[in-house]
Amino acid sequence: MNTPLLHASSLVLRYGSTTALAGVDLVIQEGESVAIMGASGSGKTSLLHCLSGILRPDGGFVRFAGPTGTVDLSTLSDGERSRLRREAFGFVFQQGLLVPELTAVENAALPLLLSGYPRADAEARAAAWLAALGLRGLEARRIGELSGGQAQRVAIARAQVGGATLIFADEPTGALDSATSVDVMDALLRSTTGQGHTLVVVTHDEKVAARCSRIVRLTDGQVVSDSAGAASSRSTVPAPGAFAGPAAASTTTTAIAHVPTTDGPAFGGAGWESGR
Amino acid sequence: MSTMAPPAPTPTSASSRPTGRAPIARLAWMLARPGAASPATVALPIVAFAVTTALLLIVLGGVLMFWQRTDENAPAFQMLSLLAIALLIVPLATLGGAAARLSARRRDDRLATLRLLGATTGTVTLVTVVESTALAFLGAIAGVVLYLVSMPLVGLIPFGGGPIGPTAIWTGPLAILGVVVGVALLAAVSSVVGLRAVVVSPLGVRLKQRAPHTSWVRLLVGAIIVAVAYATLSSLGVITDVAILVGALVGAFAASVAVLGLVGPFALSIFAKVRLRRAKTAEQLISARGILESPKAAWRLVGGVAMTSFVAVVAGTGTALLESFSAHSTSEALFIADIRTGVLITLVASFVMVACSVGVGQAAAVLDRRDLYVSLDRVGMPVSTMDTARVRSVMLPLLFVAIGSALLGALLVFPLAGLTLIMAPLSLLVIAICFVLGLALVRLSLLATRPILTNVLAHPERSLG
Numbered sequence: 006m007n008t009p010l011l012h013a014s015s016l017v018l019r020y021g022s023t024t025a026l027a028g029v030d031l032v033i034q035e036g037e038s039v040a041i042m043g044a045s046g047s048g049k050t051s052l053l054h055c056l057s058g059i060l061r062p063d064g065g066f067v068r069f070a071g072p073t074g075t076v077d078l079s080t081l082s083d084g085e086r087s088r089l090r091r092e093a094f095g096f097v098f099q100q101g102l103l104v105p106e107l108t109a110v111e112n113a114a115l116p117l118l119l120s121g122y123p124r125a126d127a128e129a130r131a132a133a134w135l136a137a138l139g140l141r142g143l144e145a146r147r148i149g150e151l152s153g154g155q156a157q158r159v160a161i162a163r164a165q166v167g168g169a170t171l172i173f174a175d176e177p178t179g180a181l182d183s184a185t186s187v188d189v190m191d192a193l194l195r196s197t198t199g200q201g202h203t204l205v206v207v208t209h210d211e212k213v214a215a216r217c218s219r220i221v222r223l224t225d226g227q228v229v230s231d232s233a234g235a236a237s238s239r240s241t242v243p244a245p246g247a248f249a250g251p252a253a254a255s256t257t258t259t260a261i262a263h264v265p266t267t268d269g270p271a272f273g274g275a276g277w278e279s280g281r
Numbered sequence: 486m487s488t489m490a491p492p493a494p495t496p497t498s499a500s501s502r503p504t505g506r507a508p509i510a511r512l513a514w515m516l517a518r519p520g521a522a523s524p525a526t527v528a529l530p531i532v533a534f535a536v537t538t539a540l541l542l543i544v545l546g547g548v549l550m551f552w553q554r555t556d557e558n559a560p561a562f563q564m565l566s567l568l569a570i571a572l573l574i575v576p577l578a579t580l581g582g583a584a585a586r587l588s589a590r591r592r593d594d595r596l597a598t599l600r601l602l603g604a605t606t607g608t609v610t611l612v613t614v615v616e617s618t619a620l621a622f623l624g625a626i627a628g629v630v631l632y633l634v635s636m637p638l639v640g641l642i643p644f645g646g647g648p649i650g651p652t653a654i655w656t657g658p659l660a661i662l663g664v665v666v667g668v669a670l671l672a673a674v675s676s677v678v679g680l681r682a683v684v685v686s687p688l689g690v691r692l693k694q695r696a697p698h699t700s701w702v703r704l705l706v707g708a709i710i711v712a713v714a715y716a717t718l719s720s721l722g723v724i725t726d727v728a729i730l731v732g733a734l735v736g737a738f739a740a741s742v743a744v745l746g747l748v749g750p751f752a753l754s755i756f757a758k759v760r761l762r763r764a765k766t767a768e769q770l771i772s773a774r775g776i777l778e779s780p781k782a783a784w785r786l787v788g789g790v791a792m793t794s795f796v797a798v799v800a801g802t803g804t805a806l807l808e809s810f811s812a813h814s815t816s817e818a819l820f821i822a823d824i825r826t827g828v829l830i831t832l833v834a835s836f837v838m839v840a841c842s843v844g845v846g847q848a849a850a851v852l853d854r855r856d857l858y859v860s861l862d863r864v865g866m867p868v869s870t871m872d873t874a875r876v877r878s879v880m881l882p883l884l885f886v887a888i889g890s891a892l893l894g895a896l897l898v899f900p901l902a903g904l905t906l907i908m909a910p911l912s913l914l915v916i917a918i919c920f921v922l923g924l925a926l927v928r929l930s931l932l933a934t935r936p937i938l939t940n941v942l943a944h945p946e947r948s949l950g
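So the sequences go chain by chain: L and A. Residue numbers for the first sequence follow the numbering used here, beginning at 6 and rising by one. Residue numbers for the second sequence follow the numbering used here, beginning at 486 and rising by one.
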């Protein structure tokens with residue numbers, strides 16, 4: 006069997022006297038879409054934060070098979086984990102949490118700017134992502150001028166513009182109505198697993214979870230079930246490569262320094278360490 | 486069975502019967518008491534009102550000091566003190582406004598909730614007014630203490646050949662009472678004004694839909710005011726009555742400040758647009774967009790420095806030159822030196838007020854954007870980037886305004902400035918030092934708000950959960 010993309014073992018996390026995670030083991034393979042479910046306080050967000058290096062667990066380890074080899078997240082410094090999150094992972098939060106004074110395209114380009122890309126290239130790449138996610142023509146809108154669903158698509162673009170192949174989403178549809186939720190979930194799945202990338206999503210919405218290939222349920226900080234989702238048959242998820250959007254625009258971005266455009270179906274492959 | 490039943494209403498107990506009236510005082514206390522809100526929510530407005538009150542009293546004390554003088558130069562100094570007030574009124578009002586807005590805005594969310602729960606407009610308004618006024622009153626009392634403590638320090642300023650002394654700026658108890666009541670009233674009024682948005686739309690208070698635009702109309706109105714002011718000033722020769730003369734001068738000054746208020750935001754927005762086009766890094770981009778988001782707000786913050794910078798250069802250069810000419814007449818030299826001291830004090834005072842407004846405003850801004858900063862941290866944005874963006878969005882307009890107005894002033898008195906550079910280089914150096922000091926002070930107040938940012942990032946559970 007291949008080295009798993011993400012391997013968490015006996016994760017323990019405490020907040021004072023409360024135990025948020027009580028020995029969680031989880032192995033996530035590349036290309037999976039994993040829904041983490043559970044009631045409020047079951048530890049699902051804590052698990053996401055440990056898996057993504059936002060929090061350092063009190064016990065256990067998380068190993069990430071990055072482009073340059075496997076790293077143990079808990080041995081990295083704050084700065085290194087910050088860089089890992091910026092360059093290898095993508096994040097989508099419940100309420101977009103975009104910078105309100107920036108335009109859609111500037112928000113999406115932000116991770117690239119932080120990694121030192123020239124602004125014009127960064128915005129061109131971001132614009133290609135926005136177009137692929139159905140936001141063509143809205144690039145210059147400020148976040149306040151977008152609907153909730155549109156803002157969430159900008160967040161999806163921001164999460165992946167840097168070439169991240171592992172996306173973490175925390176209740177990505179939590180603030181949206183059901184019709185918009187379906188659209189946003191479509192966009193999220195198409196742009197991640199649709200091109201062979203990996204998605205880890207925390208949700209309390211059964212409909213969202215049902216569209217993932219795997220559902221992990223937590224109770225009191227422990228995994229109580231780990232089952233295949235309805236989407237594991239790939240009936241509702243587009244096949245890898247079906248998401249051709251940003252790749253179609255790659256002709257305009259081939260000149261970008263440091264970005265291997267041959268690696269992955271779209272922009273993927275800009276590793277967090279090879280990025281500079 | 487009985488344990489499962491909901492507690493039965495007890496009609497016999499008069500105290501628990503709903504009266505149909507909302508207990509305003511209790512609601513206000515529930516929302517304001519420590520623990521209900523983060524300490525900063527309550528502490529920040531108090532600090533802001535305290536600083537406003539203290540500065541207001543110091544300025545007032547300084548002006549009263551001149552009006553109590555009886556020597557031959559007294560009328561001249563009295564007029565100059567009025568000009569100083571005209572210069573400082575804008576930054577002082579900004580600071581007061583920031584404090585008032587702060588106390589009103591910090592409770593928007595919870596008041597919106599209160600409204601959604603069915604509180605009437607009257608209840609919401611009353612709760613806010615009671616709360617803001619109470620916070621302002623507490624702050625004003627603290628401000629009086631701050632003023633008393635600072636009196637000996639201010640007393641070190643040299644005037645008329647020696648330090649003015651620790652009691653020189655004592656305003657008397659009546660003025661202090663007036664200022665405290667005034668500050669509390671200001672808070673009450675602005676909380677009513679600031680609340681309209683909450684009352685009108687309980688759900689929409691936080692949404693900023695469109696970036697405001699600054700228009701050319703401002704330039705036109707500005708030009709008209711300049712023309713009127715110039716006409717007034719040029720007819721001053723005919724006026725013989727001193728009172729009217731002073732009135733016209735102060736009026737012309739106020740008009741210039743008003744013109745700056747109209748033209749300033751426009752100039753700032755052009756400056757920010759240039760910056761935006763040239764932005765290469767994330768922090769440059771965010772800071773330029775931040776200024777463009779509201780050039781008016783940026784101007785409100787730093788505009789106070791514009792007029793004082795201009796005056797400091799013009800008057801500072803003029804007095805330095807005069808002083809070097811009248812070296813042998815000591816009383817005349819002293820008079821001129823005093824004027825220059827006054828000019829520089831006014832300049833520094835305006836910087837102090839800007840620094841206070843910046844500190845209060847930035848502390849509030851960081852807390853308001855708590856969720857955003859935490860999420861940016863999670864996405865992997867370094868703290869230094871967030872901090873730099875924040876600092877730049879304040880320092881860039883400030884530098885632009887201070888240096889721009891100073892250069893404009895120097896240009897106006899260009900031959901004089903050149904001559905002074907040769908005749909009295911030391912006094913020009915003093916002016917330059919005052920500028921550097923003022924800028925450093927604002928930068929320092931930004932530095933002081935950095936721990937709030939790092940604290941927000943260190944305790945993310947308070948925001949995103």
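Treat the hints with care, since some could be wrong.
To be verified - Away from chain A, derived, C-beta distances all over 12 Å, residues of chain L: (1) H12; (2) E35; (3) D83; (4) A93; (5) Q99; (6) P105; (7) L118; (8) A125; (9) E128; (10) A215.
As the list claims (entries may be wrong) - Facing chain L, according to a computed beta carbon distance under 7 Å, are these residues of chain A, among others: (11) E557; (12) V748; (13) R762; (14) K765; (15) S860; (16) V864.
Keep in mind that the hints were calculated from the coordinates and are not lab data. Yeah, the Cβ is synthetic: ideal placement off N, Cα and C, and Gly gets one too.
Tested hints:
Even its closest Cβ contact with chain A, about 21 Å, leaves H12/L beyond 12 Å, as expected for a residue assigned away from the interface. For E35/L, the requirement that its beta carbon stay farther than 12 Å from each beta carbon of chain A is met, with the minimum near 21 Å. Not every Cβ of chain A is farther than 12 Å from the Cβ of D83/L; the closest lies at roughly 10 Å, contradicting the non-interface assignment. For A93/L, the requirement that its beta carbon stay farther than 12 Å from each beta carbon of chain A is not met, with the minimum near 9 Å.
Some Cβ of chain A comes within 12 Å of the Cβ of Q99/L; the nearest lies about 8 Å off, and the non-interface call is violated. The Cβ of P105/L does not lie farther than 12 Å from every Cβ of chain A; its closest approach is about 7 Å, which violates its non-interface assignment. Not every Cβ of chain A is farther than 12 Å from the Cβ of L118/L; the closest lies at roughly 4 Å, contradicting the non-interface assignment. Distance check for A125/L against chain A: the nearest CB is about 10 Å away, which does not clear 12 Å, and the non-interface claim fails.
Interface exclusion of E128/L from chain A breaks down, the closest Cβ pair being 10 Å apart, not more than 12 Å. Every CB of chain A is more than 12 Å from the CB of A215/L (nearest about 25 Å), matching its label as outside the interface. With a cut of 7 Å, the hint placing E557/A at the interface with chain L is violated, because the nearest CB-to-CB distance is about 56 Å. Taken as an interface hint, V748/A does not check out: its beta carbon lies about 23 Å from the nearest beta carbon of chain L, beyond 7 Å.
Proximity of R762/A to chain L is violated relative to the hint, the smallest CB-CB distance being about 10 Å (cut-off 7 Å). Given hint, K765/A at the interface with chain L, holds; its Cβ is 6 Å from that chain's nearest Cβ, closer than 7 Å. A distance limit of 7 Å between C-beta atoms decides the matter here; for S860/A the minimum to chain L is near 4 Å, and the interface restraint holds. Hint status for V864/A relative to chain L: holds, with the closest Cβ pair at about 5 Å, below 7 Å.
Of the numbered hints stated above, those contradicted by the structure are hints 3, 4, 5, 6, 7, 8, 9, 11, 12, 13, listed in ascending order.
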